[in-house]
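Chemist: Okay, here's what each chain looks like letter by letter:
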Amino acid sequence: MAPTAAKQKAKLPSQAFLAKTFHWVNIISLVLMTSSGLQIYNANPVFGGREGWHFPKLLLLGGWLSGGRDWHFAVMWLYSLNLFAYGLYVLITRRYQHRFASSNDLKAARVSQNEKRKNYAWHRLVYTAIVPILLLAIASGLAMYKPAQLHWLAALFGNWQTLRTIHFITVPTVILFTLVHSLLALKVGSIRLIKSMFL
Amino acid sequence: MSLILPKQSLSRRQLLQWSGFSVAGALLSGCELNRFSETVGQTFEPLNQNIEALMLAQRPVPEFPVSAIEPDKLLINTFDSTPQINPAEFRLTIDGEVTHSMQFSMADIQKLPLTSMVIRHVCVEGWAAIVQWGGVRLQDLAKLVQPKNDVRYAYFKSADGYYESWDIASVLHPQTLMAYQKNGQPLSVDNGAPLRLASPIKLGYKQSKWVTQVTFLKDLMPMKGYWEDQGYEWFAGL
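Residue numbers (the working numbering), protein chains in the order written: chain A, 213 to 411; chain B, 18 to 255.
It should be emphasised that the hints constitute simulated quantities derived from the structure, not laboratory data. Careful, some of the hints might be misleading.
[Said to hold, decoys possible] Mimicking DSS-like on lysine-lysine, the simulated pairs with C-alpha atoms at most 27 Å apart in a straight line are:
| no. | chain 1 | residue 1 | chain 2 | residue 2 |
| --- | --- | --- | --- | --- |
| 1 | A | Lys358 | B | Lys165 |
| 2 | B | Lys90 | B | Lys165 |
| 3 | A | Lys358 | A | Lys232 |
| 4 | A | Lys358 | B | Lys128 |
[To be verified] These stretches of chain A come out as covered by chain B in the derived footprint (C-beta under 8 Å, 3 or more residues):
| no. | stretch |
| --- | --- |
| 5 | 255-261 |
| 6 | 272-282 |
| 7 | 285-297 |
All values reported here derive from a predicted model rather than from experimental measurement. Using N, Cα and C, we set each Cβ at its ideal position, and we do this for glycine too.
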């Protein structure tokens, strides 16, 4: 019995302190950004205009439009600086060399017979894809926040309604990615992997 | 409907009722968080404003072609009622810390050079419209009254009781107009006739309609603006 237990203990995944920090800050800031963002959305729904469908109060942060904006423009610093710090971390520690999906993973996801390898490939693909989505949320948000000063950025998104839609679509996308990311993490490393990231 | 009115802030009793009924503590904490909104705003707004001031340049914001105008997109927001003004009797007063206080009739104003611009009008509610505005630059009016050197703000008073205040750099921006024309037509009463503020660098609620008085001042008064006094940010730069 004893040797087996020791073996299992040794296999427990461990995560770098900074990786845990980025995950925590990211989750907290995304929850605050989304709830305050939905408050702003409700002022004039992207889909259907003033008469469009409004999100229930339960999901909103800020109490009214001004309060929602207060939160949104405060937490944007937390959210984007966290992502920026993460970028530096990945660059400095050279994690980008082996943490992101490569053509090998693409191939493995398609043809690999090894179930474990397949899961791992999918996990890395999803993990990689979430980064540009998070950046897109910042870019489209900035374009709407300062469309006069950053008119070139706003122009990249076409017209105003497209810009609003893209910014809005990042929300369900991020939620979906988070779910898939968590499920794949569960598949790849079971609950121990999830625990290792947050505890 | 006007700029999404603040909900009557949660009364203590309501809050207690809610907490009594609430099963999920998490939801309650959401309500609690709402009460900190203004504190959060006041903490971060100076940072945001400094960045905005850094970004604020006196160079014009690029304009759109006339074909890009979206006549149906400009919604009408008023905080109260629409004032009836006789354009023949209308006078715009410009006073405060200036060398010459002056009054202008619409005829006086229309004799001054007309500036036309096609810009994006952005509302705090999230919608936007590309609009053509025609009018006189506030810069040109300021040249006539000559604000003193240490003037830092301008206050705008409207016929419907609306009031606003702007920083002087934004007031003197080359695309800040006292407009009397919209999409090539004379300005309609609903849109602020005879005279309103129009600008590509400020959110819509800064662009007062039915302006009757511009007062240049050294200091910001406690009442900064109708919506600002309810919690909207003051600088509101785009």
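Chemist: Just pull the numbers of the violated hints for me, sorted ascending.
Modeler: As far as the earlier hints go, 1, 2, 3, 4 are violated by this structure, in ascending order.
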